[in-house]
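Number of protein chains: 2
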Amino acid sequence: MTTPQLVQQIKAKKSFLCIGLDVDLTKIPTHLLELEDPVFEFNKCIIDATHDLCVAYKPNTAFYEAYGLKGWQSLEKTIKYINEKHPDIFTIADAKRGDIGNTSSMYAKAFLRDLNFDSVTVAPYMGKDSVEPFLAFENKHTIMLALTSNEGAFDFQTLNVGGQELYKQVLETSRTWKNSNNLMYVIGATKSEYFTEIRKIVPDSFLLVPGVGAQGGSLQEVCKYGMNKNVGLLINSSRGIIYASDKTNFAEKAREEALKMQQEMEIILKS
Amino acid sequence: MTTPQLVQQIKAKKSFLCIGLDVDLTKIPTHLLELEDPVFEFNKCIIDATHDLCVAYKPNTAFYEAYGLKGWQSLEKTIKYINEKHPDIFTIADAKRGDIGNTSSMYAKAFLRDLNFDSVTVAPYMGKDSVEPFLAFENKHTIMLALTSNEGAFDFQTLNVGGQELYKQVLETSRTWKNSNNLMYVIGATKSEYFTEIRKIVPDSFLLVPGVGAQGGSLQEVCKYGMNKNVGLLINSSRGIIYASDKTNFAEKAREEALKMQQEMEIILKS
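Quick mapping for you: the protein sequence lines, in order, are chains A and B. Following our numbering, the numbering of the first sequence begins with 3 at its first residue and continues without gaps. Following our numbering, the numbering of the second sequence begins with 3 at its first residue and continues without gaps.
Any given hint could be a false lead.
Same chains, same label: a pair holds when it works inside one copy or across any pair of copies.
What the hints assert, rightly or not - Using 25 angstroms as the maximum straight-line C-alpha spacing, the simulated SDA-like pairs for lysine to any residue come out as follows:
| hint | residue 1 | residue 2 |
| --- | --- | --- |
| 1 | K262 | E140 |
| 2 | K180 | P89 |
| 3 | K72 | E86 |
| 4 | K111 | T32 |
| 5 | K226 | H88 |
| 6 | K202 | L161 |
| 7 | K231 | D50 |
| 8 | K72 | Y83 |
| 9 | K180 | E43 |
| 10 | K249 | N104 |
| 11 | K193 | P89 |
| 12 | K82 | L71 |
| 13 | K87 | K193 |
| 14 | K249 | D26 |
The set of hints was computed from the structure by calculation and includes no laboratory data.
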């Protein structure tokens with residue numbers, strides 16, 4: 003998917019919501035556990051109930067690898083289902099990969115070509131040659147960790163390097179890489195005051211923003227400081243939506259939560 | 003496996019060699035491609051031919067994920083084969099994972115409990131709560147990226163933070179984390195002059211050292227500056243050993259290359 007296509011979707015759906023498909027068998031409704039592939043069945047119900055309210059789905063690979071072969075199969079079925087039934091949806095493999103060049107190429111092919119995700123998240127620590135193999139895929143996107151939403155973000159990401167925080171240096175340096183126009187960035191919502199400065203460095207890039215809701219970030223604040231002329235934001239919510247209920251009506255309740263966020267987004271987009 | 007058990011293995015085998023099982027179907031002998039699971043069959047032959055010369059095997063997960071479900075199955079079979087046939091061997095899932103706490107827990111369970119690797123590599127960018135879930139596993143080890151062997155290492159890892167390079171800060175900070183005695187570190191061999199200073203920060207830790215051989219690092223130099231009283235080094239070689247030949251005698255040739263390294267190590271251990 004191209005960036006203009008993503009922007010078009012946002013405008014059509016009046017939503018910039020991304021739903022995180024982080025499926026934990028201990029948290030899903032127990033009636034699903036009797037089925038052949040509970041993880042996929044859960045995702046299918048969530049997708050069917052919410053696809054008109056969000057523009058992106060983001061399975062985190064950890065939750066699939068945790069179930070071994072069966073989990074990997076659930077991941078394959080989930081991305082295939084989205085791509086076939088809802089090709090307008092932007093898909094994110096939340097994998098946070100990164101390795102030396104030839105090894106990163108293997109990850110890039112796995113997620114962007116074979117599984118056919120629109121994007122994959124990567125970690126910046128190993129630098130340019132660990133990320134460029136992902137950037138080489140046309141009309142695909144590489145979403146690099148910059149400032150994350152967890153407590154540990156303050157261990158290294160905000161250390162001062164030559165007068166500015168490391169995450170800002172990461173943003174700046176990454177703009178010099180080959181095909182850097184395919185980059186998006188993860189910026190945690192728990193620090194909305196930082197968005198003004200981030201936008202000075204990456205005014206046009208899309209930012210994937212976790213941490214709204216469950217982790218305490220405010221949607222209003224993030225939009226106030228982080229939005230650009232193309233919206234430029236994908237706001238992720240996982241647990242708050244997909245685990246809204248653990249009863250048989252879980253999909254309906256997930257839709258209600260997604261709708262609340264979409265409606266809040268519609269108001270912001272109008273203003 | 004405990005650290006004393008690893009040290010004992012090193013002394014018994016007179017080797018601190020780790021063999022990287024980075025299996026690329028375009029590089030293995032073509033006669034294997036007719037078999038049901040060429041990746042596993044290749045690994046089995048390499049393991050059978052080298053297990054007495056090395057103390058560790060390190061499959062890089064990228065090379066398995068690249069083949070989807072089938073690749074994940076090859077990885078499962080490989081680790082099961084090592085654990086059953088050679089329980090004395092230290093196993094490393096080279097996965098370079100890292101995510102927010104509850105998500106890192108899923109990765110930790112997948113690699114350290116379910117697949118039953120002795121250790122897993124992790125990336126430090128997301129800080130303490132992204133690594134501690136891995137450290138919680140008793141008699142398991144978490145190998146954190148510090149200074150890698152690729153060109154991109156100089157993008158961020160060597161930036162000056164408060165008077166020292168970022169990778170040194172990473173080493174120092176990680177020592178304050180819970181169960182930090184379960185930490186080992188990735189230190190690239192292409193920069194052997196750095197080992198003296200690294201040993202001032204982490205005198206007792208094991209260091210996993212890629213980049214000897216193919217990537218240009220010198221074994222002698224690394225040992226001179228990096229070895230401690232328990233040896234404290236695992237020297238990794240992947241391509242130089244496993245792709246020594248692409249003919250039917252590939253396992254024999256791999257053994258020859260591994261033997262050269264073991265013999266060089268035996269001399270160093272004696273001196």
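- prompt: Given a CA cutoff of 25 angstroms, do K180 and E43 count as a within-copy pair, a between-copy pair, both, or neither?
  reply: neither (40 angstroms within a copy, 38 angstroms between copies)
task: Measure nothing new, just compare the shortest in-copy and cross-copy C-alpha distances for K180 and P89 to 25 angstroms and report within, between, both or neither.
output: Neither: 28 angstroms inside a chain and 45 angstroms across chains, both beyond 25 angstroms.
task: Go through the copies and call it for K249 and D26: within, between, both or neither, with a Cα cutoff of 25 angstroms.
output: So K249 and D26 pass the 25 angstroms test inside one copy only (15 angstroms; across, 45 angstroms).
task: Can you give me the call for K87 and K193, within, between, both or neither, at a CA distance of at most 25 angstroms?
output: For K87 and K193, the Cα distance exceeds 25 angstroms both inside one copy (36 angstroms) and across copies (51 angstroms).
query: 25 angstroms Cα cut-off: does K262 pair with E140 within a copy, between copies, both or neither?
result: neither (34 angstroms within a copy, 44 angstroms between copies)
task: Measure nothing new, just compare the shortest in-copy and cross-copy C-alpha distances for K111 and T32 to 25 angstroms and report within, between, both or neither.
output: Between copies only: 22 angstroms across chains, 35 angstroms inside a chain, cut-off 25 angstroms.
message: Treating 25 angstroms as the Cα threshold, decide for K231 and D50: within, between, both or neither.
response: The answer is neither: 30 angstroms in one copy and 60 angstroms across copies each exceed 25 angstroms.
- request: Tell me, please, which holds for K72 and Y83 at an alpha-carbon limit of 25 angstroms: within, between, both or neither?
  value: both (16 angstroms within a copy, 20 angstroms between copies)
query: Is the C-alpha distance from K226 to H88 at most 25 angstroms within one copy, between copies, in both cases, or in neither?
result: neither (30 angstroms within a copy, 58 angstroms between copies)
Within, between, both or neither: K72, E86 at alpha-carbon 25 angstroms: For K72 and E86, the Cα distance is within 25 angstroms both inside one copy (21 angstroms) and across copies (22 angstroms).
task: Using 25 angstroms as the alpha carbon limit, work out where K202 and L161 are close: within a copy, between copies, both or neither.
output: Both ways: K202 and L161 sit 19 angstroms apart in one copy and 22 angstroms across, limit 25 angstroms.
field: Homomeric proximity label, K193 with P89: Cα distance no greater than 25 angstroms
entry: Answer is neither; intra-copy 33 angstroms and inter-copy 47 angstroms both fail.
The structure shown violates the earlier hints numbered 1, 2, 5, 7, 9, 11, 13.
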